[in-house]
Amino acid sequence: MSVATVKLRSPLRDLAGGNREVSVEGSSVGDILRELERRHPRITGWVLDEHGRVRTHVNVFVDGERVQEDAPVAASATVHILPSISGGSR
Amino acid sequence: MTELLVGTKKGLFVLQGEARSEKPFEVAARAFPGNVVEYAIRDPRSGRYFASVTSGHYGPRVMHTTDPTGEWEPTTGLTYPKDDEWTLERIWSIVPGEADGLMYAGVAPAGLFTSIDGGMTWELNRALHDQPTRKDWQPGAGGLCLHSIATWPGDPSRLALGISAVGVWLTEDGGASWRHGNKGLVPRYLPEDAAEDTFDLCVHNMHRAPLRPERLFMQFHGGVYRSDDAGETWISIADGLPADFSFPLAIDPADPDSAFVIPMVSDGDRVTVDGRVRVFGTRDGGETWTSLSDGLPQDDAYLTILRQAFDREGEGSELGLYFGATSGDVFGSGDGGSSWFSVRERLAPVTSVRVA
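Chains as they are written, first to last, in numbering that gives the first Met the number 0: chain Z, 0 to 89; chain Y, 0 to 355.
Isolated chain Y (complex conformation) (with noise of 0.2 Å):
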């Protein structure tokens, strides 16, 4: 059985179904109704589920439990201090950590926040928010926030963040100290004369493939790239691709060389390119890509599916592709995307999709 931690506008769906039978999954729960779920996971160490809330009225919290379809309690600490100048609108995304009890989130204005007990408690990385830039930092069109977390497998001291606008930070003594991995990104939203250490850098989504952790692959705002050092240069892959704009990104664990986007038409007009939705996919690290679309809406089908409403289930040959779009649509693949099936139409528009 697969279960699926669908974020919406309106609230946590739970879904679960059996993949490989292609038939729509039961919702199973809807936690936070009239609340936006930013993103949802379910931590496989310890089995609890985390689930990033922001309320209108009462601000953005995490919430967490160990049974998705009871009670939910927050948890503390996710906060900027009382005496800075920033407060928290948004949190993105929630990431364990390699070492028992440890995660990251990533938050809006952009900050990573850690926490050592398993998620229960969180304190703010003061290495990166004291960064004498960050004055300077310029937000996204969806605000200044911190989203991808890339943890090095078995190695909790490196880790690559992704922040949009302001490009890739690594870190190789657990976040004590910061430095910039931007080398190769070209921002075609910037002056041809632009400085070429600019900071502002927009990216969308990066994640490293756990065979070889020094290969990450990134969508850009405007630009596929692939890393083969750790995030330290980046060289475009986007040949052969629709378009090169987009938010969503996933990887396959078992191959270091693949990658699927779903690419959007441009940054403005952010839906899918033709009318046609289209999963590309790549077995060779960038250098072709191959239309995944079996099953999928191919007629007047404009949809945008938002940054972290992208995910796989398994890996290689047991590999599933599921992912939501603003539409409330939701769809999977139980086969590597060779095929696709509606897991649930008509939910409210989502912002995240992970399986539990």
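Next up, chain Z with everything else stripped away, as it sits in the complex (with noise of 0.2 Å):
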């Protein structure tokens, strides 16, 4: 099982106790979004939807590259969480 590090910024780093970096197991994006889910239960919700897709104004990057949720996660993978351009407010 890889080891990713997971890179938040607010507000999802709130929602995860304040850490700005979180290491967390997982073989996929979508792993990976789950295990953060289930480790700080208060992000539930903000980055996969209710069919546990992630949202249409959410991107996610491994390694410097924007991926799905099916996307593999080699070991020590960086995987950053930022809001879209297309999706602020109204």
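Please keep in mind that the hints were generated in silico from the structure rather than gathered at the bench. Treat each hint with caution, since some may be false.
[Claimed, not checked] For each label pair, taking beta carbons as the anchor points, the in silico distance ranges come out as: (1) Z:I84 <-> Y:G142: 21 to 31 Å; (2) Y:K22 <-> Z:I84: 38 to 48 Å; (3) Y:E122 <-> Z:R52: 20 to 30 Å; (4) Y:K134 <-> Z:D69: 26 to 36 Å; (5) Z:R19 <-> Y:D83: 31 to 41 Å.
Quick reminder that beta carbons are idealized off the backbone N, C-alpha and C, glycines included.
Grab the two chains, each in its own frame, and use the hints to assemble them into the complex.
Next up, the structure:
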């Protein structure tokens, strides 16, 4: 099982107890995000919607490449979860 | 002291002031900057505040706190099931129920959620969600939304719901079963030969008169109506208004013959009529309407007041009225609408106003 470093910005950082980065196990982006929710339940629903899909206006990058839930995550990868520029306040 | 919870396109504003002083209210707090606050209330039973917050990035949720100037926490359970075809888009209303801990939330796409623990956790009402007609429900311009939840004082088994654009739904068994209550509503936006039992009915707002709970008032998508039989049938009470299109609606709980509306020109021009901001009130069940505009802008004032942006405080001789516009202006009256003052100017576009 890979261990990735997930980097968080506000408001997700606040929901993860103020941690700017969290080490999370998982072999795919979906695994990583679900494990992140399990360890930090207050994040539940913020990145993944109720169907387990990454929200439309959230981008996930693995080692600098924008990816979807099913993308593999290698050991020691860095995962960024960022708001997209398309999803600002109405 | 009056406390107003003003939801805007750019966060929640907590305003505090004295209505009788007719001076602008102070901004006691701003929460959720950058996010749309669709609706916010204070549950008078628990003193807990709830805010429906929609993040452009991170989705919709209901947050709660006991101190609106402090930290807010998310509630849980307000999502459609994982295997459902619908995804929660927006939470339109949060309403205290008629039993300890009972609360309701109306959402888009149209659904009713219930909480029995004072709003901490929520569960989807399956009986409404599983209606066989749901696949044919059509949205209004604001989406397919359940926005009006009219409780029956002292009886948690009875509810009336307003859905845009799926009409009125009634239950007498606490939400275990539902039926339509649409007789008399005239959808002018449909062909005249549309089916008589159509449920493509765009309810804009609905309130129950608590002292005569079989009476409800409705602002429709073109039409103002009253029901005297708990929402089974509706009669038009729009005569005397300068226009019958609008969204906001309020009542005086002490007077079952009272209702207040803020007419806008039409669905094609959703601004106050003739550039004059006027609240119209009735004290005879809609037989006659009186313009209540003293102190409101009357020259080239083309304001849009959204569905949840009108509320009242107190009742009878102590009735206060408050509304906000998408211009960012909030107005108030401490004397039942006889005179108005500017509560606050130049906030962000107002989505909701509720007295805490």
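How the hints compare with the structure:
no.: 1; hint: Z:I84 <-> Y:G142: 21 to 31 Å; result: 24 Å, holds
no.: 2; hint: Y:K22 <-> Z:I84: 38 to 48 Å; result: 42 Å, holds
no.: 3; hint: Y:E122 <-> Z:R52: 20 to 30 Å; result: 22 Å, holds
no.: 4; hint: Y:K134 <-> Z:D69: 26 to 36 Å; result: 29 Å, holds
no.: 5; hint: Z:R19 <-> Y:D83: 31 to 41 Å; result: 35 Å, holds
Every hint, counting from the list given before, is met by this structure.
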